[in-house]
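Protein chains in written order, with UniProt numbering: chain A, 1 to 72; chain B, 1 to 72; chain C, 1 to 72; chain D, 1 to 72; chain E, 1 to 72; chain F, 1 to 72.
Hints are computed from structural coordinates only; laboratory data are not their basis. As the structure is a computational prediction, the values presented were derived from the model and not from experiment. Treat each hint with caution, since some may be false.
Each computed DSBU-like pair below joins lysine-lysine, with the alpha-carbon atoms no more than 30 Å apart [to be verified]:
hint, chain 1, residue 1, chain 2, residue 2
1, A, K5, D, K5
2, D, K5, D, K65
3, F, K71, A, K5
4, E, K5, D, K5
5, C, K72, D, K72
6, C, K72, B, K5
7, A, K65, E, K72
8, C, K72, C, K5
9, A, K71, A, K5
10, C, K65, D, K72
11, A, K65, D, K5
12, F, K65, F, K5
13, D, K71, D, K5
14, E, K72, F, K71
15, E, K5, E, K72
16, A, K71, E, K5
17, D, K72, C, K71
18, C, K65, D, K5
19, C, K5, F, K72
20, F, K72, F, K5
21, D, K65, C, K71
22, C, K72, E, K72
23, D, K71, C, K65
24, F, K71, B, K65
6 protein chains.
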Amino acid sequence: MPYVKIEVTREGVTRAQKQQLIAGITNLITDVLDKDPSLTQVVIQEIELDDWGFAGEQVSVLREKGITAQKK
Amino acid sequence: MPYVKIEVTREGVTRAQKQQLIAGITNLITDVLDKDPSLTQVVIQEIELDDWGFAGEQVSVLREKGITAQKK
Amino acid sequence: MPYVKIEVTREGVTRAQKQQLIAGITNLITDVLDKDPSLTQVVIQEIELDDWGFAGEQVSVLREKGITAQKK
Amino acid sequence: MPYVKIEVTREGVTRAQKQQLIAGITNLITDVLDKDPSLTQVVIQEIELDDWGFAGEQVSVLREKGITAQKK
Amino acid sequence: MPYVKIEVTREGVTRAQKQQLIAGITNLITDVLDKDPSLTQVVIQEIELDDWGFAGEQVSVLREKGITAQKK
Amino acid sequence: MPYVKIEVTREGVTRAQKQQLIAGITNLITDVLDKDPSLTQVVIQEIELDDWGFAGEQVSVLREKGITAQKK
Chain A
1 MPYVKIEVTR EGVTRAQKQQ LIAGITNLIT DVLDKDPSLT QVVIQEIELD DWGFAGEQVS
61 VLREKGITAQ KK
Chain B
1 MPYVKIEVTR EGVTRAQKQQ LIAGITNLIT DVLDKDPSLT QVVIQEIELD DWGFAGEQVS
61 VLREKGITAQ KK
Chain C
1 MPYVKIEVTR EGVTRAQKQQ LIAGITNLIT DVLDKDPSLT QVVIQEIELD DWGFAGEQVS
61 VLREKGITAQ KK
Chain D
1 MPYVKIEVTR EGVTRAQKQQ LIAGITNLIT DVLDKDPSLT QVVIQEIELD DWGFAGEQVS
61 VLREKGITAQ KK
Chain E
1 MPYVKIEVTR EGVTRAQKQQ LIAGITNLIT DVLDKDPSLT QVVIQEIELD DWGFAGEQVS
61 VLREKGITAQ KK
Chain F
1 MPYVKIEVTR EGVTRAQKQQ LIAGITNLIT DVLDKDPSLT QVVIQEIELD DWGFAGEQVS
61 VLREKGITAQ KK
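The shape of chain A in the complex, shown without the other chains:
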C-alpha cells in the first residue's frame, strides 16, 4: 500500500531515469518493509524552475547564477 511522491525540478529527467527511480524505490520498499511490490505506487512530479524556491530564490535564478544541484 505504500505511496511515494517524488518532486524534482524539470531539468531533463529522461524516461529511463524515471524508470530507474520507480524500480529502485519499489525494490527498496519491498526489501526494507517486506511489502508486496504490486501494492507500491510511485508518482514523479517535475516542477518548473520558476516554481521551486530554495533559500528564498527561484531555482531558475540560481541556475542563471551558475548554481547547480549536482553532486560535487
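Use these hints to put chains B, C, D, E and F onto chain A, whose structure you have.
Showing chains B, C, D, E and F alone in chain A's frame:
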C-alpha cells in the same frame, strides 16, 4: 474545510468527468460529514504515464503490454 | 491507479464515517472513470484545529467564536 | 528543513509574483520559527481551472459565471 | 482558492507561532495575488524527527550530533 | 532539491527501517539524477489503518480478514 486531492493517470479524462468527480466528492463529504459544501475544495491532478509507477513499472510500459486499469 | 487524499479537521470523524468516505470515493471513481476499484487508494488525514488556517485564522479560534463548518 | 507547497489556480501568476511568494514565505518562516533560510523549500503548483472544484463546481464554471476569487 | 501546506519538524512550534504562520501566509497571498483571504486555506503538518531525512540522515540523528536548523 | 514523501500504513515500522528508507532513497536519487545528497529531503508519513482505503475497504478491515500487504 475539507481539501481533497485526486491523482489519476492522464488518459483522456474529460471536463464532464472532472465535474462529476468534483460534484460527487463534495456531495459525499456533505452527506457523510455534514460539512458546508462551500468549504470543500477538490483538486484533480493528472499524471503522465511515464511518471506513475505501479509494481515497479511505468504505467506507460504496462499500457504498451496491454495491461489496463479498467474495471473488468 | 487513482490515489485520493482527503484532509479534514480532526473533529470526531468516526471509523464508520471514514469507511463511508472510502467506499463512496472508490465507487465514484469506478463509476465515472471506469477504474478497477482494486487499484484505487484513499488516504484520510485528520488535521488538528490549531494546524488548519482559514481566512487567516486558526480553525480552533473560529470554533471558540462559535463558527462551524456544518451545513446550514 | 521546512517544505511549503502552494497550490493556486493557473490564472496568469507572473514570474515576479512567484518570486515574491517564495521570498515572502521563506522570510516569514525564518522570522517566526528562526529557521536557516537555506533549508526552506517552497514549491508552487498551478492548477488548471477545470481541475479545481469549489463548492461542488469547477472554478472554470464559476469564472464563466463571473465569480472571481479577488479581494473585494 | 489557494491551498498551502507547510511541513516542518516537530520541535516545539507553539500555537502562537502557528497563528503567525497562518496569518502571514494568508496576508502574503492576498497582497501578491489579490486573492480574497476567506478563500485561502493553510495546513501545518509537524513531522517527527525520525520521519524527516536530510542529506540521507534522520533529523533526529542530526540533532543528536548537535546540528540544528536555526538561523546563524 | 528533490523532495520525496513516503506514505505507509502504521504497522510497526522501526527507526532503523526509516533510516534505511531515507538513506536508500537519497542514494538512489544521487545515483540516478546526479543530485547533491545534501539537497534531498525525504519525509515519511505513517497512516493509521482506519485511514487508508484499498479497493473500497479500510486496511484495518482487510487486516482483520487476514489480508496482508507482505511479499509472498
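Against the structure, the hints:
{"no.": "1", "hint": "A:K5 / D:K5", "result": "13 Å, holds"}
{"no.": "2", "hint": "D:K5 / D:K65", "result": "29 Å, holds"}
{"no.": "3", "hint": "F:K71 / A:K5", "result": "21 Å, holds"}
{"no.": "4", "hint": "E:K5 / D:K5", "result": "5 Å, holds"}
{"no.": "5", "hint": "C:K72 / D:K72", "result": "25 Å, holds"}
{"no.": "6", "hint": "C:K72 / B:K5", "result": "25 Å, holds"}
{"no.": "7", "hint": "A:K65 / E:K72", "result": "24 Å, holds"}
{"no.": "8", "hint": "C:K72 / C:K5", "result": "26 Å, holds"}
{"no.": "9", "hint": "A:K71 / A:K5", "result": "22 Å, holds"}
{"no.": "10", "hint": "C:K65 / D:K72", "result": "24 Å, holds"}
{"no.": "11", "hint": "A:K65 / D:K5", "result": "24 Å, holds"}
{"no.": "12", "hint": "F:K65 / F:K5", "result": "29 Å, holds"}
{"no.": "13", "hint": "D:K71 / D:K5", "result": "22 Å, holds"}
{"no.": "14", "hint": "E:K72 / F:K71", "result": "47 Å, violated"}
{"no.": "15", "hint": "E:K5 / E:K72", "result": "26 Å, holds"}
{"no.": "16", "hint": "A:K71 / E:K5", "result": "29 Å, holds"}
{"no.": "17", "hint": "D:K72 / C:K71", "result": "25 Å, holds"}
{"no.": "18", "hint": "C:K65 / D:K5", "result": "29 Å, holds"}
{"no.": "19", "hint": "C:K5 / F:K72", "result": "28 Å, holds"}
{"no.": "20", "hint": "F:K72 / F:K5", "result": "26 Å, holds"}
{"no.": "21", "hint": "D:K65 / C:K71", "result": "23 Å, holds"}
{"no.": "22", "hint": "C:K72 / E:K72", "result": "51 Å, violated"}
{"no.": "23", "hint": "D:K71 / C:K65", "result": "24 Å, holds"}
{"no.": "24", "hint": "F:K71 / B:K65", "result": "24 Å, holds"}
In this structure, the hints that do not hold are numbers 14 and 22, in rising order.
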